[in-house]
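Peer 1: Given next are the chains, with one letter for each unit.
Protein chains: 2
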Amino acid sequence: MAPFRLLIVGGVAGGASCAARARRLSEEAEIVIFERGDFVSFANCGLPYHVGGVIAREEELLVASPQLFRERLRIEVRLGTEAVAIDRARQLLRVRELATGRESQERYDALVLSPGAQPIRPDWPGIDLPGIFALRTIPDARRIRGWIEERRARAALIVGGGYIGLEMAENLLRRGLAVTVVEREAQVLPLFDPEMAAPLAATLAAHGVRLRLSETVLGFEPDPSGGLRARLSSGASERADLVLLCIGVRPETELARAAGLEIGERGGIRVDARMRTSSPRIWAVGDAVEVKDVVTGRYGPVPLAGPANRQGRIAADVIFGRESSFRGAQGTAVVGVFEATAACTGPSEKALRRAGLWGEEGPFEKIYLHPDHHAGYYPGAEPIALKLIFRRDNGRIVSAQAVGRAGVEKRIDVIAMAIQKEGTVFDLEEAELCYAPQFGAARDPVNVAGMIAANVLRGDARIAHWENLEGFPGLLLDVRTEEEVGRGRVPGAVHIPVDRLRERLKELPRDREIWAYCYVGQRSYLASRLLSQKGFRCRNLSGGYRTYLHRGGRVAS
Amino acid sequence: MAPFRLLIVGGVAGGASCAARARRLSEEAEIVIFERGDFVSFANCGLPYHVGGVIAREEELLVASPQLFRERLRIEVRLGTEAVAIDRARQLLRVRELATGRESQERYDALVLSPGAQPIRPDWPGIDLPGIFALRTIPDARRIRGWIEERRARAALIVGGGYIGLEMAENLLRRGLAVTVVEREAQVLPLFDPEMAAPLAATLAAHGVRLRLSETVLGFEPDPSGGLRARLSSGASERADLVLLCIGVRPETELARAAGLEIGERGGIRVDARMRTSSPRIWAVGDAVEVKDVVTGRYGPVPLAGPANRQGRIAADVIFGRESSFRGAQGTAVVGVFEATAACTGPSEKALRRAGLWGEEGPFEKIYLHPDHHAGYYPGAEPIALKLIFRRDNGRIVSAQAVGRAGVEKRIDVIAMAIQKEGTVFDLEEAELCYAPQFGAARDPVNVAGMIAANVLRGDARIAHWENLEGFPGLLLDVRTEEEVGRGRVPGAVHIPVDRLRERLKELPRDREIWAYCYVGQRSYLASRLLSQKGFRCRNLSGGYRTYLHRGGRVAS
Chain A
1 MAPFRLLIVG
11 GVAGGASCAA
21 RARRLSEEAE
31 IVIFERGDFV
41 SFANCGLPYH
51 VGGVIAREEE
61 LLVASPQLFR
71 ERLRIEVRLG
81 TEAVAIDRAR
91 QLLRVRELAT
101 GRESQERYDA
111 LVLSPGAQPI
121 RPDWPGIDLP
131 GIFALRTIPD
141 ARRIRGWIEE
151 RRARAALIVG
161 GGYIGLEMAE
171 NLLRRGLAVT
181 VVEREAQVLP
191 LFDPEMAAPL
201 AATLAAHGVR
211 LRLSETVLGF
221 EPDPSGGLRA
231 RLSSGASERA
241 DLVLLCIGVR
251 PETELARAAG
261 LEIGERGGIR
271 VDARMRTSSP
281 RIWAVGDAVE
291 VKDVVTGRYG
301 PVPLAGPANR
311 QGRIAADVIF
321 GRESSFRGAQ
331 GTAVVGVFEA
341 TAACTGPSEK
351 ALRRAGLWGE
361 EGPFEKIYLH
371 PDHHAGYYPG
381 AEPIALKLIF
391 RRDNGRIVSA
401 QAVGRAGVEK
411 RIDVIAMAIQ
421 KEGTVFDLEE
431 AELCYAPQFG
441 AARDPVNVAG
451 MIAANVLRGD
461 ARIAHWENLE
471 GFPGLLLDVR
481 TEEEVGRGRV
491 PGAVHIPVDR
501 LRERLKELPR
511 DREIWAYCYV
521 GQRSYLASRL
531 LSQKGFRCRN
541 LSGGYRTYLH
551 RGGRVAS
Chain B
1 MAPFRLLIVG
11 GVAGGASCAA
21 RARRLSEEAE
31 IVIFERGDFV
41 SFANCGLPYH
51 VGGVIAREEE
61 LLVASPQLFR
71 ERLRIEVRLG
81 TEAVAIDRAR
91 QLLRVRELAT
101 GRESQERYDA
111 LVLSPGAQPI
121 RPDWPGIDLP
131 GIFALRTIPD
141 ARRIRGWIEE
151 RRARAALIVG
161 GGYIGLEMAE
171 NLLRRGLAVT
181 VVEREAQVLP
191 LFDPEMAAPL
201 AATLAAHGVR
211 LRLSETVLGF
221 EPDPSGGLRA
231 RLSSGASERA
241 DLVLLCIGVR
251 PETELARAAG
261 LEIGERGGIR
271 VDARMRTSSP
281 RIWAVGDAVE
291 VKDVVTGRYG
301 PVPLAGPANR
311 QGRIAADVIF
321 GRESSFRGAQ
331 GTAVVGVFEA
341 TAACTGPSEK
351 ALRRAGLWGE
361 EGPFEKIYLH
371 PDHHAGYYPG
381 AEPIALKLIF
391 RRDNGRIVSA
401 QAVGRAGVEK
411 RIDVIAMAIQ
421 KEGTVFDLEE
431 AELCYAPQFG
441 AARDPVNVAG
451 MIAANVLRGD
461 ARIAHWENLE
471 GFPGLLLDVR
481 TEEEVGRGRV
491 PGAVHIPVDR
501 LRERLKELPR
511 DREIWAYCYV
521 GQRSYLASRL
531 LSQKGFRCRN
541 LSGGYRTYLH
551 RGGRVAS
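From first to last, the protein sequence lines stand for chains A and B.
For the first sequence, the positions run 1 to 557 when the numbering used here is used.
For the second sequence, the positions run 1 to 557 when the numbering used here is used.
Think of the hints as simulated: they come from the structure by calculation, not from any bench.
Be aware that a few hints might be false.
Restraint ranges, calculated between C-beta atoms of paired labels, are given here [as the list claims (entries may be wrong)]:
| # | chain 1 | residue 1 | chain 2 | residue 2 | range |
| --- | --- | --- | --- | --- | --- |
| 1 | A | R462 | B | E323 | 18 to 26 Å |
| 2 | B | R74 | A | H495 | 17 to 25 Å |
| 3 | A | E27 | B | G267 | 51 to 59 Å |
| 4 | A | R94 | B | G488 | 17 to 25 Å |
| 5 | A | H207 | B | P130 | 52 to 60 Å |
We put the beta carbon where it would ideally sit given N, CA and C, even for glycine.
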C-alpha cells in the first residue's frame, strides 16, 4: 500500500509548521513541500531589519533549510516549484518547476494550501518604473539592498504608514536615507485609533521622518534629476531614489479559486475552525485564509505569523486524526519604531465603528490612562499611553492599545491573555503581576486600567471624552496646578487646583454639568468624586490633558 | 451627629491606599492615619536601590507626604505615633506620641490595622553589635548609608539570599563593597526551586558576589582588625564591616494579639476575604495578615506590595458598604540582580512537596524549557529558563518560574493572568501574543511552554526528569551533534545525533526504556516521537542538557 501522502503548497510559516508537526505525528507519511520561492521557512518579519543592516547576514533569516527538513524530518522540499492546478476529483496537484517549465502531477491524500499573500501593487501610472519595490521575500530584500548601494540612494518614499512602512522608515533612516512616508489616512498605523497613533507620529517626526498624511499617490514618473517623482493627491510631488510600497497584502488565492474552493467575502480562502476548506482533503492556513475574529465574530484575513504557525499545526493535527481547532484571531500585534513601541490586541474603536458596533449608548465604553511603565520613583520611568475598550453590560475586555517607550507589549500581552480567557476589567483590577521597582509598580498599569474601568462600571466615576467637548454646554474645569496650566490649557476651561476645590465650591455651577480634567485623569477623578458627593453633576475627562493633546490623531509631544 | 470616624494604624502601602480610597468613597468621613515611623506612603521596595545610589535622593522614595494627604485628601496623618491598645467594647484606640510619650484615646467607627511586618532579628550572640542592620524603613537606609560612608566599609556580609538579600548584594557591590551572602538553604532565592535559582547564583558569582550556601550564622563578635566577625555553622568565619540581616519578616501582630483578635497558624492576623478581622469594626491589611493562596488554598502571610495595596482598597470599599473582596494571593514576584531577572507566580515544586501535594503519581506535572526571549534571528536574543507546573487531570496551570536576562517578567505576568483566569496549558498553547522580532517570536515562550505541556497531556510526548536518572535501568540517549557532545555530556549516555537516528535504530534496545535528551529538549522531543512510533519505549528528558546543568541547584553557566 502506498504511504499516506501529504502535500503542502508554500513552505513559510504555516506551511513549514504544518510539515514539521505532521512528521512528529506520523513517521510513515510522505510529506512534500512545494515552494515557489527559493527559500523555505524564512523569517519574513525580519526583512526590514535585514535591509537596515540590524540583521547583518541573510543566512540569519533562514529558520530552517531544505537540508534540515530532509535530514531531520525526512520531508522533501521542492524549491522554485509552483502549484498550478488542483484536480480535486482525482486528488492530484499539478506543479511546475519554474526554472525548466517542467510539470508533473502529484498524488495527495491530504493537501494543505499555505500560499501566503502578495503585496498589493496598485495599477498606478509608472508603477513598473525601476526603483519601486515591495518587501515580502528574501529576493525583495536583496533587490532593495542592491538598489540602495548601486544607486547610492539618498531619498526614500514609503507608501503606506502601517507596520512594515514604519519599520522600513526606521531602517532606511538607519542606512542614511532621507525618508518620507505617504499615508492615505490622517494618521500612521491605520489599525490603531488616531489618538493612539499620534505619539508614534511624533516619534517619527522627531527622528526626521517626513509624514505626508491624508495623501495618496497618483502615479510615478522619472525625475529629470534622476530617480523618481511621485505625484500626490494634494497636487504636491515627492522625488525619491527608492519607492517602497507598504500598502498591505492580498491573500494569494488563485490556485484555490481555480479549484473551486470557497472564497470569503474579504478575499481569503474560507476555512472552518479545523482549517478545512470547502473541499474534503484540502486544508488551508496562514495569510491566504480568512479567520474568525474572537471579539467581533467576523471573518477576514489576519496576516500575522503567530496565527499562521498555530494554524499549520492544527491542520496537521486534524489531518492525522486529532481533535484540534483554531479558536480564532485576536489581532494582537506590536511594532517598534525608534525608541517607541506600539501594541494592540482586539479591535480598535475605529474598527468597531466601521462595523456599526460603536455608538453613544452602545455596548462599549473606553478609558484612557498614562501610567508609568515602572515605579515612578525608580530612574527611567516612561509613560505608557493606554486605551482600554470594554463592555458596559458585563465589564468584558474587548481590546487595548498602548504606545510608549518601554513595557508596552508586556501590558498588551497580559490583556491579550485576559481577553482570551473572557476576562473583565475587574480581573485586570485584581491581577497580581510582577513588581519590583525596575519592572512594574505595586499598581501595575494593567491594574490601574482595571481600576479606572471598574470605577466607571460601578458608577464611582462618570467619564466624558474629549471628542464630545465641542458644543458641551457645561463647565470645563481644569484642576491642575498653576504651573501646569501655564504650560498649556484647553480654551474655555475654568481653573481651580484640586487641592483648593473644597474651599471654592461656591464658584461652581449646580445647574450645569461639570467636566473635570487634570494631566492624566487621576486628580480629576478625585475632583469628580468630591464634587459628585457634594451634589454637583460631574464627569472626569478620560486620559486628561495628555489625551487631549493626542485627540484627533494630532501630532503632539 | 459626629462624623463617621475611620482610624488607620500604619501609613505605608495598604494603610495609605485604604485611606485614599476611603476619602474618594466618603467626603464626610473623618480619616486619621497613625504612623509610628517618620514617613507615610514611602517606597519600601526602593530602599535597596537608594542604598546603592540608583535612587539618588531620599525624597524620591516619598510617594505621598502628610501635606498631600491633608491638602488633597483631607486626611490627617500623625507621624511618630504608635497605636498601643484597642478597646474593642468602647471602640477606642489608645495611641502614644513617641517623642513626648503623651497618650490619647481615639474613637473609631472603623479601625484598619496595617502595621506591616518587622525584619526577623534572631537571638544570636552579638546580634546587637554595631554594624548589624536590617533594611525596612527610610531611617534604616539612612543608617546603612551613613555607616558605609563613615566607616568606609569595604566588606559586607548579607545574611539571607532571598529577594532583598540579593538586591542588596547588587547594590552594595555597586557601592564598591565586597559582598558575601550566607544562605541557610543550598540555593539562593529559597522561594524558587533550586534548579531555577541556579542560573541566578551563577550570575551573582560572575559578578564577584561570594555565596556561602547551606550555611547559617551562629553569632557575631568584634574582629580584632575592626568590624565584625560572623561565626558560621561550617566552622568557618567571615569578617565584615557591615552585616545586613535579610532573613525575612514577621507580621507585626502585637496590637492585634493584645486586643484578642484571631491570629492564624502562620502568625499573621486572620481576616476574611473582606479583610475583616475576628472582631467587628476592625479590618486588617498588608504584610500583617494571612491571606489565602489561590492555588493551594492555604493561608499565610504574603508580604508583597501589590496585594497590600489591593487589600487596603478592599477594606475601604467594605467599610463604606461596597461589595468587594480579596480573591487571594498568587505570590507573583520578580527580582532583578545585575543583568539577570528571576520571576515566579504560584507555588514552587518545593512548596507543593512541603505541603504534601507533590508525588510521583500526584496531580502535578512539570516541564522545563529554554526558549529565546525574542526571535533568535534578531540580534540579542537571550534564553529564558522556564519551568511550568500544571495539573495532569485537566491541564490547569499551577505555577511558573523563569530566569533570564530579558523578557522574563513579561512571560510570568502573562502566565499569572492565565492562572488567575483558571487557564490551562492549552490556553497557553493558543495564546496570541505580541510578535515582532525584537519583542517576541511567532511562537512566544508562553506558547512553547503550552505546546510542550499539552504534548505531555495528550500523550504525544512522555517525559522524564533528571532527578530520577539515578538508578534508571534503561538507556540514556544523547541526540545532540558531535560538537555539542564534545563540550560536555551526561555520564553513561549513548550518543546518536537526531539526524542519524532513523538509520541507526538497530543500535537501540527494545526491551528497556530509552530516555532521550538534547540541549534544551526540542530535538529529543522529535527523537522520542520517532522512537515511540517505531515501537520503542521512550521518554524525553524535560529541559535537556541545559536543565541537567542546573539540577539540584548546582551553579553552572
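Peer 1: For each hint, tell me whether it holds in the structure or not.
Peer 2: Now for the hints, and whether the structure bears them out:
1. Between A/R462 and B/E323 the C-beta distance comes to about 20 Å, which sits within the given range of 18 to 26 Å.
2. In this structure, B/R74 and A/H495 meet the distance hint of 17 to 25 Å, their C-beta atoms being roughly 21 Å apart.
3. A/E27 and B/G267 have their C-beta atoms about 57 Å apart, which keeps the hinted 51 to 59 Å range intact.
4. Distance hint check: the CB atoms of A/R94 and B/G488 are about 51 Å apart, inconsistent with the given range 17 to 25 Å.
5. With their beta carbons about 55 Å apart, A/H207 and B/P130 fall inside the hinted range of 52 to 60 Å.
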